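Asker: This is what each chain is made of:
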Amino acid sequence: MISKPTNVVIAGLGGQGVIKASDILADVAFSAGLDVKKSELHGMSQRGGSVSSDVRFGERVFSPMVPDGEADFLVVIAPDQVTVNAAVLSQGGLLIEPSQIDESALSNKKSINVALLGILSRHLQFPVEAWTAALERNLPQKLHEANLKSFFIGREK
Amino acid sequence: MAAIDAGVKLGTGYPGTPSTEILETFEAFGGHAQWSPNEKVALEVGIGVAFAGARAIVTMKHVGLNVAADPLFTVAQIRLDGALIVVSADDPGMASSQNEQDNRRYALAAGVPMLEPSDSQEAYEFTLRAIEISERWQVPVLLRMTTRVCHSKTIVRRGTVTISPPHTPHFEHDFPSRVMIPAYAKPAHRRLRKTLAQIAAWNDEEGLNQLLPGSSSLGIITSGIAFQYVREAAPEASVLKLGVTYPLPIERMRAFAASVDLCVVIEEGDPYLIEAARTAGIAVEGKPESFRFGELNTARVRRILENDSSPEPKPVPGKPPALCPGCPHRSVYTALKNLNCLVPGDIGCYSLGVLPPFEAMDTLVCMGAAIGVGLGMRHSLPPEEARRVVSVIGDSTFVHSGITGLVEMVYNPPASGHVLVILDNGTTAMTGMQEHPGTGRTLAHASTGKVVFEDLARSLGIRNVHVIDPTTDPAKFQSLIQDCLLKPELSVVIARRNCLLAASSIREHEIREHARCDDQQTN
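Chains A and B are the protein sequences, given in the same order. Here the first sequence stands for residues 1 to 157, numbered as in this note's numbering. Here the second sequence stands for residues 158 to 680, numbered as in this note's numbering.
Careful, some of the hints might be misleading.
[Claimed, not checked] Some residues of chain A that are not near chain B, with every Cβ distance over 10 Å (derived):
| hint | residue |
| --- | --- |
| 1 | D35 |
| 2 | K38 |
| 3 | D80 |
| 4 | Q81 |
| 5 | T83 |
| 6 | V84 |
| 7 | N85 |
| 8 | Q91 |
| 9 | L94 |
| 10 | S104 |
| 11 | A130 |
| 12 | R137 |
| 13 | L139 |
| 14 | P140 |
[Claimed, not checked] Calculated lysine-lysine pairs in the DSSO-like style (CA-CA distance at most 30 Å, straight line):
| hint | chain 1 | residue 1 | chain 2 | residue 2 |
| --- | --- | --- | --- | --- |
| 15 | A | K149 | B | K310 |
| 16 | B | K471 | A | K4 |
| 17 | B | K476 | B | K494 |
| 18 | B | K310 | A | K142 |
| 19 | A | K20 | B | K494 |
| 20 | B | K310 | A | K20 |
It should be emphasised that the hints constitute simulated quantities derived from the structure, not laboratory data. The model shown is predicted, which means the values in this text are computed figures rather than measured ones. Every residue gets a Cβ at the ideal spot worked out from N, C-alpha and C, and that includes glycine.
Please model the entire structure based on the sequences and the hints provided.
Answerer: What follows is the structure, encoded as C-alpha cells:
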C-alpha cells in the first residue's frame, strides 16, 4: 500500500505570490526525491480574484488536486481568503496565516508569502539548505536577500 | 520539451487559457513559435508546414478549435508528408471560458486520431507518440488536454520516448492527395476511413493503453486526468486507461469489461466513452448526469463509484476577478453606462465590464461577435434604441475575428449607423500579455509588421475614425462617444492606452527593439 501524500494548499489573491510560493515548495519536495504534483487555476487570477494552488508530495501522487478535508496544511496569504478555503483543511490540519507574522519585521512586504513558507518549513522534514536553494532558484537574484530574511523570520519565529 | 526533442519546425497558435503556455515554453526552450491572428490561420500555417514534410504543433483552447474546425475537417482526409499535431486544451468547469464543450467530439466528427495525456510525463510522451502516429499514417493528430493536465506540474523524465528524426523539408506535386476538389475528395474520404480502421486495429493490439490489474469485482475504463482521480479514489479496482481515445480500442474494452463483475466508465465532461462502449454492445455503467457539469476530482469519482446521490457541498465563492484599479477599460465602461448604451461585448479582460460596478456589457458570445451582434441589434431595434448600440471589442480579439465584422459593417450598414469601440490596450491582457499583430511585435517580442487599426478602418471607407486615450480626459471621451451616437454614420473609436500590468514590459520591449534597430543601422 502506498503511503498517503502530504497535502498543502496555498491560497490568496492574484498578485500575492501564491503560485510562486507553491513553485518553491514543489521544488523543495522534488529535490528531496519525492513524487510531486501541483495544480492551480489561473486565467482570471491576474485580475485580483481568488487564487489557490495545491501541492502534494510523497512516495506516489495521483490527483494533482488536494481533495476537500484532506489538506495537512493550509497557507493563506490574504486573511479574507481563509473562509473560502477552510473546507480543504483536514481535521487536525494546520492553518498558517499572515497574523502569525509580524509584518513590520519584513523588509519587503511582498515577501509575506515566503515568510509563511518559513512557518510551514518548521513542520516539514526538509533540510533548511533545500529551502534556501529552492528560494534562490525560483526568485530573481535582486530579491534573494529580502526573501531569505523573510523566510527565516517565519522559520525562527 | 517534447516539441523540442521531436525537432518540431514551427509552433503556431492563438493564446487561450489553458493552452497559452505551450508555445511560450517551446520558444523559451529554443523552438520557433508564432502567435497567429486566430486559430484557423494557425492551423493553416501548420498544415503548410506538414505539406512541406516538416513537423508542426498548433495550440489553442477548446473554443479555438471551433474557429479552426474548417481546415481541420478537410485536412483530416489529406495525405501529409510531415507531422501535424493540434493541441486542444479543454476547460471543463470553465475556469476561464465561455462554454464547457468537450472536444473529444471533434475527433469523432472530423475523423482525426486523438490522444489524451493524464499528467506532464504523458504530455511529453504522447506528444512524441502523436508525431509518430501522424507520420506513420500521414494524418493530423489531436492532442486533447484539459485544465488540470495543463495547469498542473508533475515530474517529467526526458528521453523516455525517442522517435525517428524529422524528414528534410521538401514538396512534391500530388494533386489527388492535396487538392480537395470533389473528384479527389471522394476517394480521399474513403482512404481516411480505411486509415482510421488501421489505427483502430493498432490501438486494439498495441496502442497506448494501460491495463492495471486489480479486483475482479470492479473494473474502470477511463482516460486523461480522470485516471488520476480513479487511482486515488479506487486503488483496488482493475483499470483500463485509454491513451488513444479516437479511434477507440473497442475489442480491448470489450475484453476488459468481460473480465470484471462490474465495469464503470469514469470520464470528465460528455458521455463520450460510455456512448461508444454501449453502441458496441459492451455492458458498462457510468456517471449520473449531474457529473457531466464541471470538473471531476477524487471526491466526485468516489461519489460516482459509491452511487452517492446526496447533494454535493457547494464551494464557498472566492473573490471574483475585477478590472484592475487604473485599468483603461474602466473609463470606457463608465462612459457607456452614463450614456445608457446597449453594449454587445466580446472576450477579454473587458468582459468584466458586465460585473458591478459597471454592469455595462450586455452580450458575450464568441470571439469577434460584438460587431455582428451589434449590427443585428441595430438592424432590428426601434430607432431610438438602435441609436444606443455600441459594439465593444479588444485589440487582440479585433484582429482574431473582428476584422470580418468590420467589413460587414461597411458592406451592410444599419440605417442608424453604428459605433465600434476598439479597446486597444496594446496586449492580449486576459491570457497573460501575449503579443498580437496589432502590437507589431512577435511572440518573442521582436519588431515585425504591425496592423494599424485606424488605417485599416479608414482604408475600408469609414470616415469617422477617432483615436483617443480614454483615461486622460474621461469627459472628453464620453462626449466623443455621444457625438458618434448622434450621427447616422459608421464610427470607429480606438480607445488606446496600454494595459497597466503590461505597460512596463511593453516599454522595455520598445526600448530594446529601438536599440536593436539603431545597432543595425549603424552597422
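Asker: All hints, please: hold or fail.
Answerer: Hint by hint, here is what the structure shows:
{"no.": "1", "hint": "D35", "in the structure": "violated, 6 Å"}
{"no.": "2", "hint": "K38", "in the structure": "violated, 5 Å"}
{"no.": "3", "hint": "D80", "in the structure": "violated, 7 Å"}
{"no.": "4", "hint": "Q81", "in the structure": "violated, 7 Å"}
{"no.": "5", "hint": "T83", "in the structure": "violated, 6 Å"}
{"no.": "6", "hint": "V84", "in the structure": "violated, 5 Å"}
{"no.": "7", "hint": "N85", "in the structure": "violated, 8 Å"}
{"no.": "8", "hint": "Q91", "in the structure": "holds, 15 Å"}
{"no.": "9", "hint": "L94", "in the structure": "holds, 19 Å"}
{"no.": "10", "hint": "S104", "in the structure": "holds, 25 Å"}
{"no.": "11", "hint": "A130", "in the structure": "holds, 16 Å"}
{"no.": "12", "hint": "R137", "in the structure": "holds, 14 Å"}
{"no.": "13", "hint": "L139", "in the structure": "holds, 17 Å"}
{"no.": "14", "hint": "P140", "in the structure": "holds, 14 Å"}
{"no.": "15", "hint": "A:K149 x B:K310", "in the structure": "holds, 28 Å"}
{"no.": "16", "hint": "B:K471 x A:K4", "in the structure": "holds, 26 Å"}
{"no.": "17", "hint": "B:K476 x B:K494", "in the structure": "holds, 24 Å"}
{"no.": "18", "hint": "B:K310 x A:K142", "in the structure": "holds, 26 Å"}
{"no.": "19", "hint": "A:K20 x B:K494", "in the structure": "violated, 38 Å"}
{"no.": "20", "hint": "B:K310 x A:K20", "in the structure": "holds, 13 Å"}
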